[in-house]
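Could you slot chain Y with the ligands onto chain B? The hints should help.
Protein chains in written order, with numbering that gives the first Met the number 0: chain B, 0 to 531; chain Y, 0 to 531.
Treat the hints as calculated values from the structure; they're not laboratory data.
As the structure is a prediction and not an experimental result, all values here were calculated from the model.
No false leads were slipped in.
Identical copies carry no separate label here, and so any pair may be met within one copy or between two of them.
Pairs of lysine to aspartate or glutamate, EDC-like flavour, derived with a Cα cap of 16 Å: (1) Lys159 x Glu85; (2) Lys117 x Glu325; (3) Lys327 x Asp116; (4) Lys130 x Asp196; (5) Lys224 x Glu6; (6) Lys327 x Asp118; (7) Lys87 x Asp160; (8) Lys88 x Asp160; (9) Lys89 x Asp160.
So you can see what is in the structure, the chains are spelled out below.
Number of protein chains: 2
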Amino acid sequence: MTDSTIETKIVIIGCGIAGLKAAQELYQQKFCQDVVETAPQVLILEARDRIGGRLYTVDGLNDRYDIGAAWHHDILRNPLFQEEHELKKKNLTASKYIFDDDYGIIFDEMGTKLNHDKDLKLEVVQNELEKFVELEYFSELEYPNTSYFKMVQKYLFRYKDFLTDAQIKYLNGSARCIELWHGTNWKKLSGKYAQMDHQGRNAMCLFYKDVVDRMATEFPLDWIKLHSQVCQIKALKDKQERISNRNRNLEILTKDTKNGKITKVLCDYVIVTIPQSVLEQSLYDVPAPGRIEFIPKLNQDIYDSFQNIHYGALGKIIFEFDSAWESKHTRFYYTGAINNNIIDAVRNGQAFNGEYLNKIDSLTTPTYNNTITEQLDPQNYPLLFVNYMGITGKPSLVMLMQDPLTSYIEKLNAQDEKATICNIFKPILLNLFKHLGYAHANNHNGSIYSEILPGLKNIIVSNWTIDPYSLGSFTACYPDDDPIELSLSLERGQSMRIRFAGEHTIMDGAGCVYGAFESGKREAQYILNNYF
Amino acid sequence: MTDSTIETKIVIIGCGIAGLKAAQELYQQKFCQDVVETAPQVLILEARDRIGGRLYTVDGLNDRYDIGAAWHHDILRNPLFQEEHELKKKNLTASKYIFDDDYGIIFDEMGTKLNHDKDLKLEVVQNELEKFVELEYFSELEYPNTSYFKMVQKYLFRYKDFLTDAQIKYLNGSARCIELWHGTNWKKLSGKYAQMDHQGRNAMCLFYKDVVDRMATEFPLDWIKLHSQVCQIKALKDKQERISNRNRNLEILTKDTKNGKITKVLCDYVIVTIPQSVLEQSLYDVPAPGRIEFIPKLNQDIYDSFQNIHYGALGKIIFEFDSAWESKHTRFYYTGAINNNIIDAVRNGQAFNGEYLNKIDSLTTPTYNNTITEQLDPQNYPLLFVNYMGITGKPSLVMLMQDPLTSYIEKLNAQDEKATICNIFKPILLNLFKHLGYAHANNHNGSIYSEILPGLKNIIVSNWTIDPYSLGSFTACYPDDDPIELSLSLERGQSMRIRFAGEHTIMDGAGCVYGAFESGKREAQYILNNYF
Ligand SMILES: Cc1cc2nc3c(=O)[nH]c(=O)nc-3n(C[C@H](O)[C@H](O)[C@H](O)COP(=O)(O)OP(=O)(O)OC[C@H]3O[C@@H](n4cnc5c(N)ncnc54)[C@H](O)[C@@H]3O)c2cc1C
Ligand SMILES: Cc1cc2nc3c(=O)[nH]c(=O)nc-3n(C[C@H](O)[C@H](O)[C@H](O)COP(=O)(O)OP(=O)(O)OC[C@H]3O[C@@H](n4cnc5c(N)ncnc54)[C@H](O)[C@@H]3O)c2cc1C
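Only chain B is shown next, with the shape it has when bound in the complex:
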């Protein structure tokens, strides 16, 4: 059944940031000293034809863009950002970055600017809302977890006497800002874990490709094997079995995605860094492209912890234009359409009960299951636009969207419906243009895009929900989820030899590049401590 067999000490599955960091650590702490060895002591098996995983810098017509992760978050405690900064101080090559946090602009369906308004004072009440949610969960140890949507409604109901009509209305938009952090709808998001405690500013990385490429130079190039989709990990328990497999402890089967050939890789340790969504497939006996079969099956702890976690679907669209605009504000946040009737519904509410919540629910955008059959209107969803004019000086917009919009749009894109995509975002973009000061003359540059929106040259759409090696964006908490369980069970591992790393296996920096980075370091360290 296998076409060839190779042997190594440690296998890393997946060459995202977690895998890269694990390899860098293993090399620097240990294998750089082994001058005599010829065959690689570590192998990274990567299914795709590129390294980086969810770090993916794509080329557009105007510039480059990170269509996956783009920011260094929490810079007061971000170890990757610090590593990059140390290189810079030593005048070694390091990626660039820019502190792009600014005051941004919030606008609604009519294009009205909402923030920094002396009368509306939206940020002031938004702050209070966030404090309210924090205090609620602090108030009782066993405070029942509900959706973020319900927590917002609880605040609005309880404090309506201290809020203006406009504040009641627009908090239903500004509160949804949080969806763009998680890639998930506020009605699905856990009220307890939705709000994040940012530890310092964010710095936009320009670009993550440079980080990925730099890290890949810090260990031998022949450690990386692309096009290698792992499909099975078998623990060799039996002594006979081990002897017939050159005394190794693990047997890993990997399929070459170009020619379908199966290679058997014998090794002693493995660090599995595939995304949570892909790993979840291992729990069930359903064949799927990226699925890894574990023999024996994943342990009960891991199985159980997967029942208390979900996965988001952050997506991006990049809109490239052919001429500059005025505004250098980096962030433009669109609230989604808000039904005016919500004000009366809140004002007239007598009790905060199921009936009341149903009423409010019916006045807000419905959630959808993962299989979307209807046509979705992006006007109903909050969106974040990053203005490249304020970052690289190029007339491009990077738009962030979330579940269920991401799945819907990425599917349209896979069907090559780019014109449809432009058309449905057109009303929002036209409103945004007012704030950008973009006034392109009506001469078309001949592209299909510019017939829809003057000056639009190109669009690039992400593919994370469709790609079998990501299946969405990153870990997310629904009500009743507990993120600690999965990260604990995976940190404990399947066994001493079958280890896990990645953004979903760690609490500090969960979902983030630097969390994945730290988890890679952790597992490299674990193996070195126990094995060498």
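Frame of chain B; chain Y with the ligands shown alone:
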């Protein structure tokens, strides 16, 4: 020695909000049921000729002003604000309030507006600084406490590579904003306790006099005795002594501040609500106007806990003008003068050590001891201006200042040097006028003030540091202070019968009106639970 003797069950010393709340609770929970009693069962002995204590609404020419506390803080958990709101909902008289939190304006010595600036991004780095301080104290259980000034310098030193020159400079101003919360200099303030975790918005109370007057109607009027300065509290330990004092447990001596007559008040319980600063005098054998002698002396716990706490000196000046201006922004924050050389000093710093800190210290405003001999220039101090045009629509400014400026200015005022005060604030006010859009024609209205500043009709200056019944503003933490100790020792009390209330006797809402309010309720409850 005593001129007369009266008898009651419970004495409350001080008729501030703590004393008022204690009386209201005692009446509502217990004494309103006693229809037969003739003599008052509770007596509030108040030294001043008015009730309210540090709640003090004064009349100006344009309007009324709270020269003491003005805001309901932390409205998500403020029980006094809630009590007022409940009355309002029942259409009973309640004081008015306005949510005056807005985006405000920050300006520097040159009058330049600093906030909401796309390039400076001062609020963004100010936020990061605050997060840094929080994380530092979280990072180790035994993190050494230092001044807030040093924490700010630590942030600037450590993160200077990520800050622009302008950010380094102006953080030295915006960070001092905190001085106006504590009434104390950043070099004296505890780094650990300086930053507050605001629980919801602030509402400006219009006016606290109405709250005070309303509360005073909720128990019999004859409970209050003004002009009654308590000078001694004696526990009657000895059985004989008690018998000769009508079987009461406590003997309290109080002096009539108008005619000097001494009254002996016999009672069983006392709640002492005098300010921390006044109570501190009881520890030492030095005569002073508001001092109460305790026989026996205050217990060792209380004595010790006073060694780990300080007191601030927030002060106010009200400037009244004769014609309106444009701006309705409520808050204008002046950063104090900032020496440009601080940028180079930070950039060139090699190590964060004593030498470095001395250098930075010498470039910033020095601290002073309480006895100020030099002339102070208000230009060197951060100040907050509240714009009444945005609150009541009257052309007045309420300015908040802090230690050591407060002591200096209040002393000038006591010497009737109002013109001097106007003169030294003139440059700052002229800069502020640009932001207010105030352009008064140069016709003087004949007052001494308007010769200094066109259109200025009147100024009103607070007196808290000089008044023997306040001696400053409210509790404050210096490095190495621990606010929990004082509030615990006072909550435990001198004994079961000698109790304490007031803003300095409670952790939740320490320093605030609502903290004092809660402490009054707590002590009334304690006596009712143990005694009745
Ligand atoms: C749109 C988007 C925006 C984001 N924005 C940010 C941001 O701004 N800041 C931030 O900190 N984080 C952001 N994130 C999250 C961040 O990208 C991830 O947390 C991080 O990159 C995950 O790294 P990883 O190594 O854990 O996983 P990955 O990068 O996914 O690496 C896993 C690797 O495993 C490979 N693989 C999968 N299955 C197999 C198999 N069977 N065999 C072999 N190989 C396999 C994959 O191809 C992949 O290369 C974003 C993510 C998305 C999708
Ligand atoms: C300038 C300033 C601004 C402030 N701003 C705010 C604000 O905006 N919001 C907020 O929440 N808090 C604010 N505070 C704090 C707030 O005013 C106090 O926390 C609160 O009013 C204290 O109430 P209390 O009852 O504890 O003390 P007090 O109000 O001081 O009452 C104590 C009483 O004891 C009396 N007394 C003293 N000695 C004797 C004696 N020997 N015999 C008899 N009586 C005596 C005093 O005359 C006084 O009436 C401010 C304070 C100041 C000074």
